[in-house]
Structures are given as C-alpha cells and as structure tokens.
Amino acid sequence: MSSSVPAAVSPTRQALRRVRRDRSARLGAWLVIGLIVIAALAPLLVRLAGQDAYTYNIGLLDPARGNAPSGTAGGVSGDHWFGVEPLTGRDLFSIVVLGLRTSLFIAAVCTVVTTVVGTLVGISAAYFGGWYDAIVSRLLDFLFGFPQLVFMIALGIIVPAGFPRWLLLILVISVFGWAGLARLIRNQARSLVTREFVEAARSVGSSGWHVITRELLPNLLGPVLVVATMAVPGYIGLEAALSFLGVGVPPPTPSLGRSISDSIVWVYTGTDPWFLFFPGAMLFLAVLGFTLLGDGIRDAFDVRLRRAT
Amino acid sequence: MPDLVWFLIRRLFATVLVLLALSLAVYLIFYALPADPARLGCGKPCTPDRLEQARHFMQLDQSTIQQYLAFLRGIVVGRTYGEGGAAVHCDAPCFGYSFPLARPVTTLILDRLPITASIALGAAVIWLIVGVSLGVGAALKRGKLFDKLAVGLALIGVASPSFLVGLLAILVFGFWLNMVPVNGYVPFTESPVDWAWHLIMPWLVLAALSSASYIRLTRAQMLEEMNLDHVTTARAKGAGERRVVLVHGLRGVLVPIVTIFGLDLGSLLGGAILTEKVFSMQGLGELLISGVSQVDVAVVVGVTLFSAFLVIIANLVVDLLHGVLDPRVTHG
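For the protein sequence lines, the chains are A and B, in the order given.
Counting in numbering that gives the first Met the number 0, the final residue of the first sequence is number 308, and the numbers go up one at a time with none missing.
Counting in numbering that gives the first Met the number 0, the final residue of the second sequence is number 331, and the numbers go up one at a time with none missing.
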C-alpha cells in the first residue's frame with residue numbers, strides 16, 4: 000500500500016535530515032568519510048609519498064640520542080611526512096595510514112558480523128519469548144559482565160602458530176561483541192512484538208521467520224543502524240588495545256595500537272614524543288569520528304538505548 | 000527476614016553453578032590447544048620415554064574430564080604432582096602449577112593481584128565520585144556552561160582509548176612537568192604514602208575515562224528523576240532544594256549506577272590491565288600475556304578462571320547491595 004499523501008517523508012529520511020542538521024554529527028560524518036578514504040587508498044598514498052612501511056632508514060637516526068630520529072618533530076621532512084620511527088627509521092606516515100587501514104578493516108568486519116548475529120538473536124528472543132528468551136537473556140547477562148579482555152588475551156594460546164592473527168582478532172572481538180547488540184535489539188524488538196501489525200501477520204498464519212524478516216526487521220532498521228554505528232568506535236579501540244598489549248596483528252604489519260605500545264619507552268624518556276603523537280592522533284580521530292556520528296544518528300532516530308533495564 | 004535468606008541461598012547456589020559451568024568450558028577450550036605443554040617441559044633431548052614421563056608428572060596423561068576434576072579438587076584440598084622426593088606440592092586453593100615458572104599458579108596470582116587490584120579499586124572509587132557528582136551537577140545546571148563543559152569532557156573521555164590518555168599524561172605530568180612518578184609500584188604494606196603516590200597517575204587516567212560514561216548516565220537519569228512525582232511531592236511539602244536533590248533525586252540515580260557498575264566490573268579489570276601496561280607495572284595482565292607467549296597453559300587457565308571468579312563474585316556483592324539501595328527490588 001502506498002501512501003496517498005504526496006508530501007509524506009519516510010521516518011528514515013526525516014532522521015537523515017536531522018543528522019545533516021546536527022553540527023557535531025556532520026563533523027563526525029566528515030571525519031569518518033575522510034578516514035575511510037585514507038584507509039581505502041592507503042597503499043596508493045604510501046606509493047604517492049614514495050615510501051613503504053618496511054624499509055629501514057638507519058641514516059635518519061641520531062645515535063647520540065639512542066637512535067631517536069634526527070631533525071624536528073620526529074624527523075618530519077618532504078620525504079617522510081610524519082617523520083620516521085625511532086630505532087628503525089621506517090616511514091611513520093606509511094605505518095600510520097596502513098595501520099588505520101588494518102584498524103578500520105577489522106572494526107568493519109566485526110561490526111558486520113556482530114550486527115547480523117546480534118540482530119537475529121535479539122529479534123528472535125523478543126519474538127519467541129519463553130524459555131528461549133530466558134536462556135538468551137541469561138547468556139547475554141553472563142557475557143556482559145565478563146572480563147572480556149582477559150579472555151581475548153587468553154584465547155591467543157589455543158591458536159596454532161600458522162593461524163592468521165587478524166582473523167583471530169575478528170573472531171575474539173565478535174564472540175564477545177554481539178552480546179551488547181543483541182541485548183539492545185532485543186529490548187527494542189520486545190516493544191514491537193505486541194503491536195497490532197505483528198498480531199495481524201501472526202493471525203493470518205505467517206511463519207516466525209516471515210514475521211521476523213518482513214514485519215519486525217524493517218521496523219528495527221533505525222535502532223540496528225544506531226547500535227551498529229555506535230559499536231564501531233568500541234571495536235576500533237578494542238583492536239588497538241589488543242595490539243597495544245602485544246596480542247594483535249604481528250609485526251611487521253603496521254598497527255596503530257602496536258606503534259603506540261612501542262612509543263612507551265620514547266615517551267618515558269621524552270626523547271621522541273612524536274612517535275606517540277601521529278599514531279595516537281590518528282586513533283583518537285578515528286574513535287572520535289565514529290562516536291560523534293553514532294551519537295548524531297542515535298539522536299536523530301530518537302532511539303533510547305538503555306544499558307540497564 | 001526469611002525472604003532475604005532464601006534470596007541469598009538461591010543467588011549463592013546460582014553463582015556456584017555458573018562458576019562450575021564456566022570453569023568446565025574454559026578447561027575444555029584451553030586443553031584443546033595444539034601445543035603440548037609436556038613437550039615444552041620435557042627437556043632436551045626429548046626422547047619418547049622422557050616425554051611420557053613428563054606427561055605423567057604433569058598429569059596430562061589423564062582424560063580432560065579427569066584433569067578437570069583434579070583441578071576442582073585442587074582448589075579445595077590442594078594437589079601433588081609426581082611421587083616421592085621429586086614430588087611438587089601445590090597447596091589449596093590450587094589453581095594449577097606452572098612448570099615453566101616452577102611455582103603454583105595461586106602464588107603467582109597472589110603476587111600480582113595487589114597491583115591490579117590497587118589500580119582497579121582506587122580508580123573505581125574516584126570515577127564513581129567524580130562521575131556521579133559531575134553528572135548531578137550537569138543535570139541541575141542544564142544548558143549552562145557547567146553542563147556544556149561536563150558533557151564535552153564526557154565526549155572526549157568516551158572517545159579516548161585509555162592507554163593513549165595514559166601515555167599523554169606520562170608525557171605531560173611525568174616528563175615535561177616532572178611532578179609525579181610514572182612507573183614502579185610500591186606495596187601498600189611498605190609505605191602507604193608511596194603506594195598512593197605511585198598509583199595516582201594510573202588512578203586518574205583510568206578514572207577519568209570511565210567516569211565519562213557515568214557523567215552521561217547520571218546526567219540523563221537525574222534529569223528524568225527530578226521530574227518524577229515523588230520529587231515534586233517533596234518540593235510541595237516544603238523540603239529544601241538541597242534535601243530534594245540529595246535525598247529524593249539522588250536515590251533514584253544510584254540504583255541504575257550500581258547496576259551499571261556491576262556490569263562494568265569485567266571491563267574495570269580490563270582497564271586495569273591496560274593501565275598497568277602503560278605504567279609498566281607487573282600485574283595480572285603481564286602474567287597472563289607472558290603466559291600466552293610462553294605457552295604456559297596452567298597460568299593462562301588459572302588467571303582466566305581466577306578473574307572470571309573474581310568478577311562473578313563481585314557481581315554477587317553488587318546484586319546484594321542493589322537490594323539494600325532499592326527497596327523495590329523484591330527478593331522473589
């Protein structure tokens with residue numbers, strides 16, 4: 000049935016209009032777009048700069064200062080836009096943009112996986128209710144209050160040496176990440192389940208799968224979008240945290256978290272704070288951009304996301 | 000109060016069940032690992048004979064379920080590996096024995112726990128106080144400068160990874176201003192003043208970031224609470240503004256805060272692990288990470304289960320506290 004009112008604007012379009020009017024959401028959106036472009040074009044940018052993330056440039060280091068980069072701001076120059084890494088002299092610009100690429104890639108995959116799983120589990124728990132809902136809710140409570148980081152670190156031990164670490168990262172982040180989404184979606188879906196249109200679909204004999212995908216899901220797209228966007232900065236931070244702790248992607252693959260971890264000793268001694276600045280600023284911008292955008296989308300869709308019931 | 004007693008018994012029983020299920024799951028997962036701890040511990044040259052001996056000594060020749068039961072028994076009564084003069088004893092509560100480090104896992108954990116616990120507890124105290132008071136303040140001054148500042152701070156806090164802020168703080172306060180120590184841990188028993196002085200940076204860093212979400216939550220909750228009937232009634236009956244806020248408004252805010260705090264205990268531990276790495280302190284996180292890289296299964300399983308136990312039991316305490324704070328929580 001199409002609406003007979005010509006000027007009707009769908010709620011989704013109204014919400015997007017509100018996002019465009021929200022100043023901090025707009026800032027977030029531009030940041031996110033900019034970072035995605037940088038991450039997508041990272042290998043090209045690196046080639047444009049005439050560098051790569053792996054070549055050692057010992058000549059650019061100052062042995063008198065414990066092999067910190069010589070020159071200002073961590074060795075910033077026309078060749079090395081963000082300077083070079085201390086000890087190795089590798090190009091920091093390449094490391095930062097390729098590291099951003101790794102971060103965003105892992106966060107994006109985790110977001111897709113956890114959104115799909117969380118949405119399906121959340122909606123089905125709300126729809127079927129009963130013992131299924133009870134078990135799911137207990138499981139979610141359990142996963143929620145869990146020392147997740149401890150488990151993510153610990154799981155590294157059972158993985159064979161040849162297993163790709165980025166895949167392990169995606170797996171451990173997703174295994175714990177879906178719970179938060181599922182809980183929020185379940186609470187949203189529960190208020191829909193008792194509405195007339197769902198009753199109507201049920202009364203004409205629609206199957207559970209049909210009601211979930213055709214009746215509930217379209218009405219939950221707003222909340223799902225909100226929850227997914229708001230999950231991204233968490234995943235970026237988590238990936239960086241695991242890399243920071245030394246259980247992320249292995250060297251020499253560039254990673255923001257590992258670079259920040261490597262910078263600790265240079266920060267303690269104050270010899271090269273720029274080694275913290277560039278990867279740190281990039282990580283901060285990435286998390287900030289997605290947080291601003293997520294907040295804006297949440298406000299625009301007017302979704303109330305309570306962590307507690 | 001028989002109701003409360005029943006509630007306690009039921010909650011305790013449920014907690015024990017969760018602990019058992021969790022420990023079994025963890026055991027099954029971690030004993031499926033590809034590396035063989037016996038091979039790492041059998042010395043060189045590793046003849047099949049010696050490998051068999053090592054496996055028997057570490058009690059790895061039993062089935063996984065037998066090992067699990069031995070592990071559980073070890074927690075209660077302790078455990079002895081091997082026989083005769085070479086036997087290794089692990090006192091109860093025994094969370095396993097690390098052969099690479101030649102120490103019981105319980106000892107290893109207890110050595111490291113004070114560091115991680117000091118960071119976590121101190122930070123939690125600071126963030127609850129700062130988060131709740133800034134949140135309440137922001138709600139009462141809604142739309143004013145204070146509110147905008149608090150909300151802005153909260154946004155930056157939510158968007159900053161803790162380790163990043165920690166390193167910046169080290170750079171600014173530790174290196175440039177040279178005000179506070181940036182690493183090293185002094186046991187409380189040695190000197191409480193030095194203990195706190197060395198922990199002040201880790202506390203502030205971890206608390207600053209976590210209080211951000213509490214500012215947001217308290218502010219939203221307080222705004223809602225101040226519009227509720229019981230607050231209006233209190234005003235109508237002539238209660239002073241201070242009493243209205245502190246007694247009638249704040250009470251409704253504390254309940255969800257306690258709930259969230261219970262849920263955040265797991266991430267509090269995670270935050271403490273990140274913080275201890277930033278400040279180069281050798282806490283539980285360092286023990287766990289080195290356990291993973293040395294393929295020391297006993298340590299990894301021990302630390303994992305121990306932290307899970309800790310969080311689950313802390314959750315139980317929070318749950319009970321909840322009942323005290325909110326009379327509406329029925330113990331039924």
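Among the clues, some could well be false.
Claimed, not checked - Some, not all, of what chain B presents toward chain A, calculated at C-beta under 7 angstroms:
1. Ser22
2. Pro160
3. Ala168
4. Ile169
5. Leu170
6. Val171
7. Phe174
8. Leu176
9. Pro180
Stated by the list, open to error - To list a few chain A residues with every Cβ distance to chain B over 10 angstroms, as calculated:
10. Leu43
11. Ala107
12. Ala133
13. Ser205
14. Leu275
15. Gly279
FYI, nobody ran anything at the bench for these hints, they're computed from the structure.
We treat Cβ as the ideally placed atom computed from N, Cα and C, and that holds for glycine.
Item to complete: Starting from the hint list further up, note which numbers the structure goes against and sort them upward.
Response: 1, 3, 6, 8, 9, 14 and 15
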